[in-house]
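FYI, our numbering numbers position 153 of the sequence shown as 134, with every residue one higher than the one before it.
Hints are computed from structural coordinates only; laboratory data are not their basis. What you are looking at is a predicted structure, and each value in this text was computed from that prediction instead of being measured. It is possible that part of the hints are untrue.
Unchecked claim - For lysine to aspartate or glutamate, the following EDC-like pairs were computed, each having C-alpha atoms within a straight-line distance of at most 20 Å:
hint, residue 1, residue 2
1, Lys86, Asp163
2, Lys86, Glu53
3, Lys192, Asp44
4, Lys110, Asp152
5, Lys192, Asp30
6, Lys86, Glu62
7, Lys110, Asp138
8, Lys28, Glu130
9, Lys86, Glu7
10, Lys110, Glu53
11, Lys86, Asp199
12, Lys28, Glu62
13, Lys28, Glu53
14, Lys192, Asp40
15, Lys192, Glu62
16, Lys110, Asp78
17, Lys192, Asp152
18, Lys28, Asp163
19, Lys86, Asp152
20, Lys192, Glu130
21, Lys86, Asp16
22, Lys28, Asp16
23, Lys192, Glu7
Said to hold, decoys possible - Derived CB-CB ranges, DEER-like:
hint, residue 1, residue 2, range
24, Thr104, Thr54, 24 to 32 Å
25, Arg19, Ala155, 30 to 38 Å
26, Ala50, Gly190, 32 to 40 Å
27, Val67, Asp21, 34 to 42 Å
Glycine included, C-beta positions come from ideal geometry on N, C-alpha and C.
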Amino acid sequence: MAINVDLAPTNRRRRASPIPERVWVEGNTAGAFGDIYRDDVNLVVWKRDLPESVRRDVDWLLDTQPGLAIAETVAPTGVREALDGVFTESSVSAFCDDVTSLVNKFCFLFDLQRVGMRLAEVTTAMCPKFHVDRVPCRLITSYRSTGTEWLPHGSVDRSSLGSRQRSVAFDAQAIRHLQCGDVGLLKGEEWIGNANGGLVHRSPTLRAGEKRLLLTLDFAR
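Throw the hints in and build the complete structure from the sequences for me.
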């Protein structure tokens, strides 16, 4: 049997390996979060409606705490203390319960003792260009206004990501976004085995006078 042997020089240019396909998963409970460990998943969305009590608390916060901005490294047991340092926690107990619950879930899912927590009122698009995050995984949810915009893996030209000279090429019809209250787990480039597979996303454009209350959780550095 003949065997073909490639005797071409070893320093020749090789064809780039194709980037593995990535998909997203949606669920009506936080139980969907476990799918983030699938190699082919770079986004998990917990679809949920915020309780009315949380919505009322959010309205109160945005009315009484202009420019709200909290950035702390916290353990699940320290969430209330961090929030109480900025506003009276007892005034928005339902909201604080919800944030604490999300921190607990994030820590349990990834076996973390502490997380980087950011809670902020947003009035402009913080990251208006499509990009990927250089993190393992980030939790993001919008308590007011629309959520993060994102692109399915196959709808974007990833070769221009991170370039200041070129805009990311994408199919505008493919843009999707999280709804208010949805909780997203966005897998980033630092997740082991996910190079070139991080979720491509951006902040939504807000109307004049529109306020967004954004919570993000990250692995503590």
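Evaluation of the provided hints:
no.: 1; hint: Lys86 with Asp163; in the structure: holds (15 Å)
no.: 2; hint: Lys86 with Glu53; in the structure: holds (17 Å)
no.: 3; hint: Lys192 with Asp44; in the structure: holds (10 Å)
no.: 4; hint: Lys110 with Asp152; in the structure: holds (14 Å)
no.: 5; hint: Lys192 with Asp30; in the structure: holds (19 Å)
no.: 6; hint: Lys86 with Glu62; in the structure: holds (18 Å)
no.: 7; hint: Lys110 with Asp138; in the structure: holds (14 Å)
no.: 8; hint: Lys28 with Glu130; in the structure: holds (15 Å)
no.: 9; hint: Lys86 with Glu7; in the structure: holds (17 Å)
no.: 10; hint: Lys110 with Glu53; in the structure: violated (26 Å)
no.: 11; hint: Lys86 with Asp199; in the structure: holds (12 Å)
no.: 12; hint: Lys28 with Glu62; in the structure: violated (28 Å)
no.: 13; hint: Lys28 with Glu53; in the structure: violated (26 Å)
no.: 14; hint: Lys192 with Asp40; in the structure: holds (10 Å)
no.: 15; hint: Lys192 with Glu62; in the structure: violated (25 Å)
no.: 16; hint: Lys110 with Asp78; in the structure: violated (33 Å)
no.: 17; hint: Lys192 with Asp152; in the structure: violated (28 Å)
no.: 18; hint: Lys28 with Asp163; in the structure: holds (5 Å)
no.: 19; hint: Lys86 with Asp152; in the structure: violated (34 Å)
no.: 20; hint: Lys192 with Glu130; in the structure: holds (16 Å)
no.: 21; hint: Lys86 with Asp16; in the structure: holds (14 Å)
no.: 22; hint: Lys28 with Asp16; in the structure: holds (14 Å)
no.: 23; hint: Lys192 with Glu7; in the structure: violated (26 Å)
no.: 24; hint: Thr104 with Thr54: 24 to 32 Å; in the structure: holds (25 Å)
no.: 25; hint: Arg19 with Ala155: 30 to 38 Å; in the structure: violated (21 Å)
no.: 26; hint: Ala50 with Gly190: 32 to 40 Å; in the structure: violated (19 Å)
no.: 27; hint: Val67 with Asp21: 34 to 42 Å; in the structure: holds (40 Å)
The structure shown violates the earlier hints numbered 10, 12, 13, 15, 16, 17, 19, 23, 25, 26.
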